[in-house]
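Chain order of the listed sequences is A and B. Using numbering that gives the first Met the number 0, the first residue of the first sequence is number 0, and each one after it goes up by one. Using numbering that gives the first Met the number 0, the first residue of the second sequence is number 0, and each one after it goes up by one.
Just to be clear, a hint being listed does not mean it is correct.
Said to hold, decoys possible - Keeping only pairs whose Cα atoms sit at most 25 Å apart, straight-line, the calculated SDA-like set for lysine to any residue is:
{"hint": "1", "chain 1": "B", "residue 1": "131", "chain 2": "A", "residue 2": "493"}
{"hint": "2", "chain 1": "B", "residue 1": "309", "chain 2": "A", "residue 2": "679"}
{"hint": "3", "chain 1": "A", "residue 1": "551", "chain 2": "B", "residue 2": "221"}
{"hint": "4", "chain 1": "B", "residue 1": "266", "chain 2": "A", "residue 2": "482"}
{"hint": "5", "chain 1": "B", "residue 1": "223", "chain 2": "A", "residue 2": "824"}
{"hint": "6", "chain 1": "A", "residue 1": "551", "chain 2": "A", "residue 2": "493"}
Everything labelled a hint here was simulated from the structure, so no lab data went into it.
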Amino acid sequence: MKKLYSSIFFLLIVLTTVVAQEKAGNKISVSFQQATIDQLVNELEARTGYRFYYDPVQFDSLRVKLNVTDKPVAAILDLAFANTAFHYAIVQQQVFLTKSRILKPGLVAGFFGGTTSGVAKPADVVTSYIDEAGEKVPEATTENKLYEIGIKTNEIKQGKATIAGYLRDIKSGEPVIAATIYDPIAKTGASTDQFGYYSITLPRGRRTLTIKGLGMRDTWRKITLYSDGKLNIELQEQVTSLKEVKISADKIANVRGVELGVSRLDAKSIKQVPTVFGEADVLRVVLTLPGVQTVGEASTGFNVRGGAADQNLILLNDATIYNPSHFFGFFSAFNPDIVKEIELYKSSIPEKYGGRLSSVLEVTDREGNKKKFTGTAGIGLLTSRLNIEGPIVKDKTSFIFGGRTTYSDWLLKLLPQEYKNSSASFYDFNLDISHHIDDRNDIYLTTYLSQDHFKLNSDTTYGYSNKNANIKWKHNFNNRLFSVLTTGIDRYNYDISSSAIPIDAYKLSFDVKQTTLKADFTYYLNKDNILDFGLSSIYYNLDPGDFEPNGKASLVVPDAVPAERALESALYVGDKYDITSNLSISAGIRYSLYNYLGPQTVYNYAPNLPKTGVNILDSTTYKKGQVVNTYHGPEIRVSARYYLADDLSIKGGYNTLRQYLHLLSNSTAISPTDVYKLSDPNIKPQYGDQLSLGLYKNFKENTIETSVEVYYKRIKDYLDYKSGATLLLNDHIEQDVINTRGKAYGIEFLIKKTTGKLNGWLSYTYSRTFLRQDDPNAGETINGGNFYPANYDKPNDVNFTGNYRFSHRFSISLDVTYSTGRPITLPIAKYESAGSERVLYSERNVYRIPDYFRSDFSMNIEGNHKVHQLTHNSWSIGVYNLTGRANAYSTFFTEQGGAINGYKLSIFAKPIPFVNYNIRF
Amino acid sequence: MRNKSNLLFIILIAAVALLINLRCRQPYISPAGSSATSYLVVNGTIDTWGDTCVINLSRTVKLTDSVNSIPELNAVVSVQGNDGTSYALTETGRGNYAYPDFSFLTSSAKQYRLNIVTSGGKTYQSDFVPVKNSPPIDSVYYTVNPTGIQLFSNTHDGTNNSRYYRWDYDETWVVRSYYDSYWELKTIPDVTVVQRSKPDQIDSCWISGKSSTIILNSSAKLSKDIITDNPVGIVGSTSEKLTSAYSILLHQYALTEDAFNYWQNLKKNTEQLGSIFDAQPSQIVGNIHCITNPSELVIGYISAGADSRKRLFVYKNALPYWQPQTPFVGCGLDTVLLADLHRLSAGAIPVSAVANGQGVVIGYDFATSRICVDCTLRGTNQQPSYWISK
């Protein structure tokens with residue numbers, strides 16, 4: 000049947016061709032002076048009987064000056080269009096005029112199947128139309144439709160072509176981040192970046208792409224790849240199915256990815272972990288990951304692989320968050336309703352990040368819904384939150400707004416008289432706007448504001464605030480090269496004020512500002528290489544303490560530690576190279592350059608003597624903008640992955656990092672009395688390197704992920720304090736700190752089940768962290784210059800986070816944590832002094848507090864799942880610290896009426912019930 | 000924020016609307032309480048005020064020991080000047096070593112140190128310290144609160160040189176016996192009851208004590224060297240100290256910055272730990288070193304200079320009516336007839352005479368417990384010379 004159809008068609012064409020050839024060949028003479036296309040065409044049509052087809056608008060700029068005698072139409076048109084963008088094609092009596100594009104009339108060679116005689120030359124399509132602005136990029140939404148990419152040719156060329164585009168959620172238009180696109184036949188894959196953008200180079204021809212995204216339904220797209228082109232893919236959100244067992248995995252990234260020590264969690268996994276007040280908490284979930292340890296119960300500070308709390312770079316949509324906690328750390332700074340996902344880098348830190356030694360925690364907010372207005376609201380016992388999102392211009396511009404606040408003060412008022420002067424409150428707001436300019440340009444504006452206030456029964460008021468704003472411009476140069484230009488301002492400040500005794504009344508304020516400018520480029524060099532390169536610059540402006548009288552009666556002398564300024568710049572380049580189908584490496588180098596800037600007065604100390612007041616030789620004053628001193632050096636980031644089998648891989652990595660900003664804190668958590676200090680001639684930057692190795696294996700169709708990672712890490716010039724160091728308002732802080740060297744090592748095991756009725760993860764970590772201070776020139780050595788355990792050295796750490804879904808509307812979660820108690824310095828003897836019995840403390844950190852164990856339970860109850868209703872409701876009810884174990888937060892010894900008693904301080908020493916109500920609209 | 004920041008407790012109570020204490024403090028026995036090493040502890044100041052200067056030497060003990068310290072006996076102690084002078088202190092028992100009067104050490108150009116050679120043969124030395132005299136105390140006063148009285152002091156230094164201060168105090172208060180006794184039981188030569196003479200009264204006694212906390216303040220951050228409303232101490236409304244009259248003798252010491260830091264550190268480590276934001280404890284190093292074994296830890300800080308002193312009296316009639324807590328539990332009287340007096344032991348104290356209808360003494364009432372009638376069990380019945388009655 001098909002053969003008959005083509006035969007008839009063939010016959011018709013042959014016949015008409017023969018007729019046309021007979022009439023062709025008339026020669027005419029014409030003369031034009033500044034003729035328009037219409038004049039030209041009218042004349043030619045009248046004189047020849049040819050019929051012209053064209054778009055007059057395309058030709059409105061054409062003026063023809065021509066004088067010819069006895070020439071065929073083709074020759075006349077050759078002259079008329081010489082040196083212009085216009086082309087013509089003559090098919091029998093018809094003339095097609097085009098601009099820019101060349102029409103090639105006639106049948107392509109090979110049209111007649113295998114019967115072509117002579118040299119079958121593929122039609123050479125020289126022009127690519129795809130890059131033309133305004134061209135509609137196909138939106139691939141269905142699985143079984145065949146999408147054609149590139150310039151369609153009858154015969155598909157050999158070789159490879161690149162496709163690129165965005166992966167988006169079909170419902171909200173949000174980008175799908177870190178999804179994988181994989182061609183199982185070509186064994187080639189790519190993953191989407193933070194904007195949902197991907198680029199993949201594949202052999203041309205018919206291909207099937209499998210697409211897997213976190214929280215999205217696994218899907219595939221069929222394509223015919225003719226040449227380079229674009230394809231945007233829209234995905235369906237995953238609706239958890241209970242009956243059917245999922246055949247494919249959510250992710251195989253842990254086996255396939257080149258990086259080690261990377262954990263990625265989406266909002267859904269975050270929300271099912273029970274927390275103390277029932278509100279989902281981003282940082283609390285991070286603490287359940289292997290290699291991450293909590294600083295303390297009422298705190299969101301965390302230690303990653305033996306690093307201090309300030310060695311984590313915490314980014315919210317690329318903005319640096321200095322204090323990631325609210326309300327003494329009971330809440331984290333991130334609004335759980337608008338967080339899309341988090342990513343923690345413990346080992347392979349991408350070249351584009353720097354400035355902190357231990358880890359990078361990336362928190363990414365959702366993009367606002369580009370299609371319709373939606374929102375959520377949540378009510379808890381202490382906090383309420385609201386978020387609204389929607390399109391400003393449908394499918395182009397959207398916003399998302401999130402806000403949280405507390406109303407705990409009314410509760411404080413119910414308490415006995417002696418507490419009535421206490422108060423505590425916080426709020427935070429996020430507002431993000433994204434605008435899609437065209438297929439090559441997107442603009443993102445993200446802002447964050449948080450404010451905390453508290454007063455503890457005393458007359459002293461504390462307050463702190465994070466303020467962040469940044470703009471990102473994403474530009475695609477072409478399918479293979481795109482760039483992101485980011486500029487932003489991050490600010491953290493706190494103040495403490497007191498007015499109890501009028502002559503002592505004071506106000507102390509502290510402020511860190513950083514202005515960031517960076518340009519990141521990604522270039523898909525070829526199928527095997529992805530290049531990342533870019534540069535960044537951060538300008539720091541610190542006001543490290545401003546002490547002022549509060550009120551007229553105050554005799555307080557205004558005191559200000561001079562402002563500090565510095566510029567931290569970096570240039571980086573990295574390549575992800577698939578050497579063979581089994582072996583991939585990612586190698587990068589980051590060169591960082593740090594300038595400490597004036598105006599500044601710097602003390603010069605006598606060499607080889609402790610930095611103390613008596614050893615100051617003189618001081619040097621630097622003018623504004625003058626470079627006081629410079630530190631610089633390369634940072635290496637290398638990792639490699641080798642497949643041992645399809646679901647088994649081994650990875651190794653080495654990286655070095657530099658940190659120029661130090662946090663000085665006498666407590667282990669980040670608290671609003673901490674001081675940030677920039678490296679200067681007397682305080683060296685911190686330097687760290689880490690070697691790690693990992694084995695990854697997936698089971699049961701990739702539904703169970705397992706991994707083992709080991710690491711060894713060294714830290715240089717980490718700051719510890721001399722006994723009795725003064726940190727606030729100290730303009731010669733170098734006299735109160737000591738440089739320490741550190742080493743940390745550990746092994747981390749993880750089993751994770753991502754799908755099914757029962758899902759969750761279990762992790763075990765064995766790790767050690769030691770510090771050492773043996774420089775006799777520091778004035779004092781700690782523990783005789785031997786290695787001593789860091790405050791956060793907790794060798795054994797087990798975490799279980801599990802969720803079981805009974806039905807779509809009801810699920811339960813259980814969270815179990817065990818860790819070795821952290822090291823402490825204990826009293827070893829007692830003596831009599833100043834009228835009291837007093838204790839003598841041991842060497843630093845030679846004892847440990849009792850081990851930590853806690854289990855939490857929560858039930859999540861959803862309202863009915865009818866799609867068409869105004870609001871969807873859900874409840875979460877649970878108990879924190881189910882067993883009521885009184886875990887020691889710390890131990891301390893205190894003198895009371897002449898006797899010394901040891902005490903163990905516990906927070907949340909009883910089971911704590913909580914309830915939270917959420918509305919989605 | 001530092002002390003008893005019970006906010007967590009408050010919030011949580013409210014949050015769960017249950018009256019359960021969620022932040023709890025439980026006794027904790029240190030696994031390290033039995034360190035075998037005993038370190039030398041030096042207490043005292045090279046005080047040039049003009050009375051006896053006492054330096055006390057002791058040794059640390061295990062946390063589990065019943066005594067607080069062991070006195071260091073038979074040491075050779077001297078104060079040495081950086082001009083080569085040396086003044087030997089004499090041992091007066093219980094680890095005390097005394098010098099009658101150092102008021103001649105006035106030169107601001109010279110510095111002094113303490114030199115100790117223990118009976119074990121080890122030599123200890125403090126750093127040389129300057130003589131730093133305290134400016135006078137301007138006033139000592141108190142305010143009345145519902146919970147008791149709060150004592151304060153003020154001082155200033157016109158030369159702006161003192162800046163760092165430490166205080167301690169001696170306190171004395173009057174206690175009354177539950178029963179006044181007008182009689183005395185004599186057993187020699189015969190068992191008789193005689194009228195008690197005035198100097199032997201045992202119904203009113205003076206008890207003395209010392210401060211038990213480290214009191215520090217500094218004007219380093221102020222434009223003038225002024226300390227006002229410096230909290231010295233608190234006497235609770237139910238304390239027996241406020242039953243009649245209370246007196247405090249405040250000593251004020253001017254410190255060097257280094258000494259101030261030592262005391263502050265000691266205070267932080269032994270008095271202020273416990274709240275969530277507090278600093279970690281640290282090993283404290285003073286200015287005394289073991290010369291024989293430089294790695295050996297020595298506890299203490301030696302300063303030199305004259306303190307300044309000021310006394311304050313607080314009388315009952317200036318205070319609200321407060322009910323003191325006394326040790327007089329179950330005090331009662333037993334009557335002993337004259338014929339049975341010989342059965343009493345020597346310490347028994349008759350409170351009052353018991354007469355028959357005709358006014359003839361037939362016996363005496365005795366307190367059921369001696370503490371009810373004899374205040375000398377707890378203090379002295381000799382009025383101190385400085386005491387001013389009202």
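Here is what the structure says about each hint:
A C-alpha spacing of about 38 Å is found between residue 131 of chain B and residue 493 of chain A, which places the hinted pair above 25 Å, so the restraint is violated. Distance restraint check for residue 309 of chain B and residue 679 of chain A: the Cα-Cα separation of roughly 49 Å exceeds the 25 Å cut-off, and the hinted pair is therefore not satisfied. About 14 Å separates the Cα atoms of residue 551 of chain A and residue 221 of chain B, which keeps this hinted pair within 25 Å; it holds. At most 25 Å may separate the alpha-carbon atoms for a hinted pair to count; residue 266 of chain B and residue 482 of chain A exceed this at roughly 58 Å.
At most 25 Å may separate the alpha-carbon atoms for a hinted pair to count; residue 223 of chain B and residue 824 of chain A exceed this at roughly 39 Å. Between residue 551 of chain A and residue 493 of chain A, the direct Cα distance comes to roughly 23 Å. Compliance with the 25 Å bound is thereby established for this hinted pair.
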